[in-house]
Amino acid sequence: MTTLGIYGDSFADDRSSWDRPRLTTTAWSYRLAMTYDSYENYALQGTSLFYSYQKFIATQHKWDKIVFIVTNPGRWPGTINVAGRQQFLTIHNFDRAQNVLKSYRDFYPTLTADQLRDIDAIGDWFMHRDDGFEFRMHDLMISKIKNLRPDALLIHIDRQHKTQPVSMNDFRMITFQTLVPSLFKASNNLLRNWQMMDDRFQERDEHNICHFTTEINDLFFTVIQQSLETGVWDPIIPKTWPHQHGISHYYRSI
Amino acid sequence: MTSLGIYGDGVADDCSYLSDRATITANAWSYLLGQIHDSYQNYALRGSSLYFSYQQFINTHSIHDKIVFVVTEPGRWPRSIPVHGKRPIVCKNSSHAEQILQNKKNLSDENRDILRTAKKWYDLVRVWEHELAMHDLMIEEIQRLRPDALMFGRDDRSGALPDYLLRFSSIVDVMIRNFHPQFLSNAHDSMSTQDKIYLAGWRERPDRMICHMSTDLNRLVFEQMKKLLMAQPIDLRPFSNYRDGKTWDTYYTSINRDNP
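Protein sequences, first through last, are from chains A and B. The numbering used here applies: residue 1 is where the first sequence begins, and numbers increase by one. The numbering used here applies: residue 1001 is where the second sequence begins, and numbers increase by one.
One or more of the hints may lead you astray.
Only pairs whose alpha carbons sit at most 20 Å apart, straight line, appear in this in silico EDC-like list of lysine to aspartate or glutamate [to be verified]:
| id | chain 1 | residue 1 | chain 2 | residue 2 |
| --- | --- | --- | --- | --- |
| 1 | A | K55 | B | E1129 |
| 2 | B | K1066 | B | D1216 |
| 3 | A | K144 | B | E1223 |
| 4 | B | K1226 | B | D1065 |
| 5 | B | K1086 | B | D1109 |
| 6 | A | K146 | B | D1136 |
| 7 | B | K1246 | B | D1216 |
| 8 | A | K55 | A | D151 |
| 9 | A | K146 | B | D1065 |
| 10 | A | K144 | B | E1129 |
| 11 | A | K144 | B | E1131 |
| 12 | A | K146 | A | E134 |
| 13 | A | K146 | B | E1141 |
| 14 | A | K65 | A | D234 |
| 15 | B | K1226 | B | D1148 |
| 16 | B | K1196 | B | D1123 |
| 17 | A | K55 | B | D1195 |
| 18 | A | K144 | B | E1140 |
| 19 | A | K55 | B | D1038 |
| 20 | A | K144 | B | D1123 |
Quick partial rundown of chain A residues pointing at chain B, CB under 10 Å, derived from the structure [said to hold, decoys possible]:
| id | residue |
| --- | --- |
| 21 | Y53 |
| 22 | P73 |
| 23 | W76 |
| 24 | T79 |
| 25 | A121 |
| 26 | W125 |
| 27 | M127 |
| 28 | H128 |
| 29 | S143 |
Anything over 10 Å on all C-beta distances counts as not near chain B; from chain A, calculated [what the hints assert, rightly or not]:
| id | residue |
| --- | --- |
| 30 | R15 |
| 31 | A33 |
| 32 | G46 |
| 33 | Q54 |
| 34 | K62 |
| 35 | T112 |
| 36 | R129 |
| 37 | F133 |
| 38 | R136 |
| 39 | T163 |
| 40 | D205 |
By construction, these hints were calculated from the structure, which means they are not laboratory data. Ideal placement from N, C-alpha and C gives every residue a C-beta, glycine not left out.
Generate coordinates for the entire structure from the input sequences, incorporating the hints supplied.
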């Protein structure tokens, strides 16, 4: 009997939320889990590395194989309980705090005055936190995870250094390299990283899950299956990958 | 030639940079310990977070043969504000942030925003489980890098430190116990003994207290610390037998006449 534990943020979260029905069965994490005798996917969208780290410390001993998606440093480590909701509210950056404060009447009408005050304070924290502390604690958590489970596959959302193996966003970029190649021409200085991409394109929830199109979920599923067999995450990935539709099927232009 | 590096918060800071402590600095246990080494550097800063000391340690531990590290309590705001030519500004709790905002008139708008955020962080945003976990990870990293470092806790809340018996909170408490036991901190408190005393409106007398202790207690700590650095057994009896014939007012001054 082989068992699997998956940890991470939205890049591994296969659940639909109340306002965002998702393609759960096409998610790489769901498909991967289905190939094991038993599994648990602890990933939750918007959460910090600390959230996953806590889950990992408490549960890693239960699982033969572990996939840990390492979210970027600097997210607020807490979660907010929202009355009437099963899922936590997470505040992963300053913009998210501002958006919740602006639109809570439509999306989170049960938030209390105290919770709104807290979210405002979390927004301030994003502006004035100590980035050095965030990066250092991020590294210490990763070291601890590797120390406890050297066999775990750790995959970062973004490469912190050029020498790191491919990241989740490297996979996401394949869609754009395939469907909008003009963005990557040498003469076009527009888009080189995901942050720049994020400013121009918005995912269509109905055609993406784990921030990947169905086709990239297929690719990632195959790659991670192979990596779990070897125990090493160092895949060579294609620059392009066949997609059934054009870019507008998967993303809205902003 | 032996070189000593001392890291920590107010319990290790000899305050040699403060004019009102000029007459007492030489009585600090950390200062005395430095004097018996060929060279030493005291990086401790009162009110600082463990992350502040951790950073100092990461950058400098390799230049010292011996290390004494006083681990401050968990949960202090990690960001320090650099001040040209002076020690950086740190804030150890919400009321401390407020106090700095009120007293330091020449702060820039940016630094005022940082301190207001620090206050809100203490009051609303801090996630205690995160603070404890990061506290433990930093301690583990220090121990990994320098297994020879002598590490002392302010308290035993985190549980990550070796049980050296010599805990600074219990040493400082030796003084407080006889006067105002209600100020003593315990494992379930979110406030240290010093914070409780401070919030009750008492201030240490700068000419009588250093490292949050009387000069006599500093001498006792120095003697035991010296033995630890020489790998000799320590003797805790002087602490448990410690009786100070002086009064509370010898060491603390009230800023509020309503105090007991």
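Results for each hint:
1. K55(A) with E1129(B): Answer holds: K55(A) to E1129(B) is near 12 Å, not above 20 Å.
2. K1066(B) with D1216(B): With Cα atoms ~25 Å apart, K1066(B) and D1216(B) exceed 20 Å; violated.
3. K144(A) with E1223(B): violated, 37 Å
4. K1226(B) with D1065(B): holds, 15 Å
5. K1086(B) with D1109(B): holds, 19 Å
6. K146(A) with D1136(B): Within the cut-off at roughly 16 Å; holds.
7. K1246(B) with D1216(B): With Cα atoms ~12 Å apart, K1246(B) and D1216(B) stay inside 20 Å; holds.
8. K55(A) with D151(A): holds, 17 Å
9. K146(A) with D1065(B): violated, 30 Å
10. K144(A) with E1129(B): With Cα atoms ~16 Å apart, K144(A) and E1129(B) stay inside 20 Å; holds.
11. K144(A) with E1131(B): holds, 16 Å
12. K146(A) with E134(A): holds, 18 Å
13. K146(A) with E1141(B): holds, 14 Å
14. K65(A) with D234(A): Holds: K65(A) and D234(A) sit about 17 Å apart, inside 20 Å.
15. K1226(B) with D1148(B): Holds, at about 15 Å.
16. K1196(B) with D1123(B): holds, 16 Å
17. K55(A) with D1195(B): With Cα atoms ~33 Å apart, K55(A) and D1195(B) exceed 20 Å; violated.
18. K144(A) with E1140(B): holds, 10 Å
19. K55(A) with D1038(B): Not OK: K55(A) and D1038(B) at ~48 Å, beyond 20 Å, violated.
20. K144(A) with D1123(B): violated, 29 Å
21. Y53: Interface hint status for Y53(A): holds (7 Å vs cutoff 10 Å).
22. P73: violated, 12 Å
23. W76: holds, 7 Å
24. T79: holds, 9 Å
25. A121: holds, 4 Å
26. W125: holds, 5 Å
27. M127: Since chain B brings a Cβ to about 7 Å from M127(A), closer than 10 Å, the hint holds.
28. H128: holds, 4 Å
29. S143: Interface hint status for S143(A): holds (8 Å vs cutoff 10 Å).
30. R15: holds, 23 Å
31. A33: Holds, because the least Cβ-Cβ distance between A33(A) and chain B comes to about 27 Å, which exceeds 10 Å.
32. G46: Its Cβ never comes within 10 Å of chain B, the nearest being 15 Å, so this holds.
33. Q54: Violated, since 7 Å does not exceed 10 Å.
34. K62: Label holds. Min Cβ-Cβ 20 Å, cutoff 10 Å.
35. T112: Non-interface label stands for T112(A): nearest chain B Cβ at 13 Å, farther than 10 Å.
36. R129: The claim breaks: R129(A) does not keep its Cβ more than 10 Å from every Cβ of chain B (closest is about 7 Å).
37. F133: violated, 4 Å
38. R136: At roughly 8 Å from the nearest Cβ of chain B, R136(A) sits no farther out than 10 Å, so the non-interface label is violated.
39. T163: Non-interface label stands for T163(A): nearest chain B Cβ at 21 Å, farther than 10 Å.
40. D205: holds, 29 Å
Comparing the model with each numbered hint stated earlier shows that hints 2, 3, 9, 17, 19, 20, 22, 33, 36, 37 and 38 do not hold.
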